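Undergrad: Model the full assembly from the supplied sequences, consistent with the hints where possible.
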Amino acid sequence: MNGGPGRAAASHIEFLAALRQDWTSTQIASIGNGREALSSAPADAALKILVIDKDPIRRAILDAGLREAGFVNVILLGETAGLLNHIYRIDPDVILIDLENPSRDVLEQMFQVSRVVRRPIAMFVDQSDRETTRAAVEAGVSAYIVDGLRQGRVKDILELCISRFNAVARLQDELDRAKSALEERKAIDRAKGILMQVKGLSEEQAYALLRKTAMNEKRKIAEVAQAVITASELLK
Amino acid sequence: MTARTTAATRLTIGFIPLADAAALIVAADRGFAAEEGLELDLVREVSWSNVRDKLNIGLFDAAHLLAPLAIASSLGIGHVKVPLTVPFNLALNGNAITVSPTLWTALSTAAEGDLADPAVSAGALARVVAARKARGLPPLTLGMTFPFSNHNYQLRFWMAAGGVVPDDDVQLVVLPPPYMAESLGNGHVDGFCVGAPWNSTAVDLGIGHILHFGAEIVGRAAEKVLAVRRCWADERPDVLARLVRALDRAACFVADPANHEEAAALLAAPARLDIAPDTIRRTLDGHLRLASDGRMRTSDRYLVVGRLGASRPDPAQAAWAYAQMVRWGQTPLSPELLAAATGVFRPELYEAAVGGAPRLPAGEPADDIGAFAGPAFDPADIAAHLAAWPIRRS
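Residue numbers (this note's numbering), protein chains in the order written: chain P, 23 to 258; chain Z, 528 to 921.
Hints are computed from structural coordinates only; laboratory data are not their basis. The model shown is predicted, which means the values in this text are computed figures rather than measured ones. All C-beta atoms, glycine included, are put in the ideal place defined by N, C-alpha and C. Among the hints, erroneous ones may be present.
Claimed, not checked - With a Cα cut of at most 27 Å, we get these calculated BS3-like pairs of lysine-lysine: (1) P:K242 - P:K208; (2) Z:K608 - P:K177; (3) P:K221 - P:K234; (4) P:K70 - P:K177; (5) P:K258 - P:K208; (6) P:K234 - P:K258; (7) Z:K581 - P:K76; (8) Z:K581 - P:K177; (9) P:K221 - P:K258.
Unchecked claim - Partial list, derived from the structure: chain P residues whose beta carbon lies under 7 Å from chain Z: (10) L121; (11) P124; (12) S125; (13) R126; (14) D127; (15) V128; (16) E130; (17) Q131; (18) F133; (19) Q134; (20) R156; (21) V159.
TA: In structure tokens, the structure reads:
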């Protein structure tokens, strides 16, 4: 019982953290790689695609994915101050933005005909394919296109982004679960220590007591451990 | 008792962290929803676009929405057409116009009269704009939250009444509310119109002066509504009625000054607005600091929740919002579109759910709008409303 799973969780976190810091372009390109990869260079490879995302890792993953799919004109933007001016300067054909970004509302202004807007932009909504729209919103990404652009090609781009967004989310989820497993491990170790000291138990007896209590109360061992820690702090 | 022991109906509702979501938050967190057998899962969002899209595709059952956006979505303006139904009005008013200290000084110098009067301040703005033009300075930039919002329409209505052409003389830009104060501080904008608590945030930071409460521009403006998809409303009339009743009781709770402290504490929670309860309290009390020198202004019309008949969706309000869309070139004028716009607001659903219509106190504007300038608004004659204004895009 001597912290084996805890060590495993810790090394898993280190692994994932290292991955997020030091991903090589090859590793990044392989994330979420799959059926959406295009067999040949797209006909409109020169489409200017602007990716607005504050998460640098996800930005890099989208960039790699789009380039791998043959799009050579990808521009990344993490900063959203003065967003409209950036967009006019870049003058993209397609804009992809993450839904956690409050600046998404700024893009809505581009649907309006006004002096500030140069090229009318429309949100990517293919009325015949609500599933793609839904999948995009659930994955957390939205696409805007220059009005009049053929939607079929943009759908490929959007589907690629949905797949990468979901891949990043799965990775994040894995990281969160590994972190919480480590936290639980730590709490159980602390609670064992408290029980050993206060009740004069061995480590095995302390763990058995936690487990039995958890089973009797239909709670997780980590929850019982946390209760022991809280109680012990109150009684200090 | 058996009815209550069955599982509560669970509804997922999107909201933006603003004080005018008060009735929704109080309904969810103080038992009013539970009394109706509902469990409200409130999902905090970062943009109106997200709220609209998640409501449209069914990830949300209902949403806290800008009143004009509910209309725009139903008419298919600027985006995919998804007919919505508004059975409850979450708040009237609540916005304010805040300007930088520099613009404040310029307006004070140019003002011919009391700057607290919007007719005076709009005239002063026209002179400041003309003086900047004469000196070859760039136009003033003013922030608002969404193309289909009262923030946009109130700014435009106000400045146009003073002779400023919104689309030529100034630059109007959409800014997410959390970035408003920062943008005013670093000079990206010279002023903005936004909801609570963001005006107070700029004042507290010492970088903004509140010039007007939105209620000084328009006395009764449907600000945020509870919106559901029309098909959802048709399929689940019983659930909708329970939701309306829960919101109505919550709004009445918020309306009572004796409950402001408790309501502010509920709204301040990390999963809700996540800001200081004191700032929310001042908003609910309608007691706002205008500038860093400590001047205050109090108005019981600043933000109206659950009082003055605010909860009943008023089709005249929908007609006024539609008229602004037409005035500023967002949509054409037609009897069909007007009928579709007013049909979004459903007072009969509200009245059926709560058992009657509210009695409005004396002194409420006769035309249900109470704008500071122009003739009384007639919801049946949008053309006359437009004809009264030389400055328009239609």
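Undergrad: For each hint, tell me whether it holds in the structure or not.
TA: Status of each hint after checking the structure:
1. P:K242 - P:K208: Since the Cα atoms of K242 (chain P) and K208 (chain P) sit roughly 14 Å apart, the hinted pair holds (cutoff 27 Å).
2. Z:K608 - P:K177: holds, 20 Å
3. P:K221 - P:K234: holds, 16 Å
4. P:K70 - P:K177: Holds, because 15 Å separates the two Cα atoms, which is no more than 27 Å.
5. P:K258 - P:K208: Holds - the C-alpha atoms of K208 (chain P) and K258 (chain P) are around 20 Å apart, at most 27 Å.
6. P:K234 - P:K258: At roughly 25 Å apart (the allowed maximum being 27 Å), K258 (chain P) and K234 (chain P) satisfy the hint.
7. Z:K581 - P:K76: holds, 21 Å
8. Z:K581 - P:K177: holds, 19 Å
9. P:K221 - P:K258: Roughly 15 Å between the alpha carbons, so the hint for K221 (chain P) and K258 (chain P) holds.
10. L121: holds, 5 Å
11. P124: This hint holds: P124 (chain P) lies near chain Z, its Cβ roughly 3 Å from the closest one there, short of 7 Å.
12. S125: holds, 6 Å
13. R126: holds, 4 Å
14. D127: holds, 5 Å
15. V128: holds, 5 Å
16. E130: E130 (chain P) check passes; min Cβ-Cβ to chain Z is 6 Å, inside 7 Å.
17. Q131: With a closest approach of 4 Å, the Q131 (chain P) hint holds.
18. F133: Nearest chain Z Cβ about 4 Å off; hint holds.
19. Q134: Because about 5 Å separates Q134 (chain P) from the closest Cβ in chain Z, which is inside the 7 Å limit, the hint holds.
20. R156: Hint on R156 (chain P): holds, closest Cβ of chain Z at ~5 Å, below 7 Å.
21. V159: holds, 5 Å
Hint violations for this structure: none, all hints satisfied.
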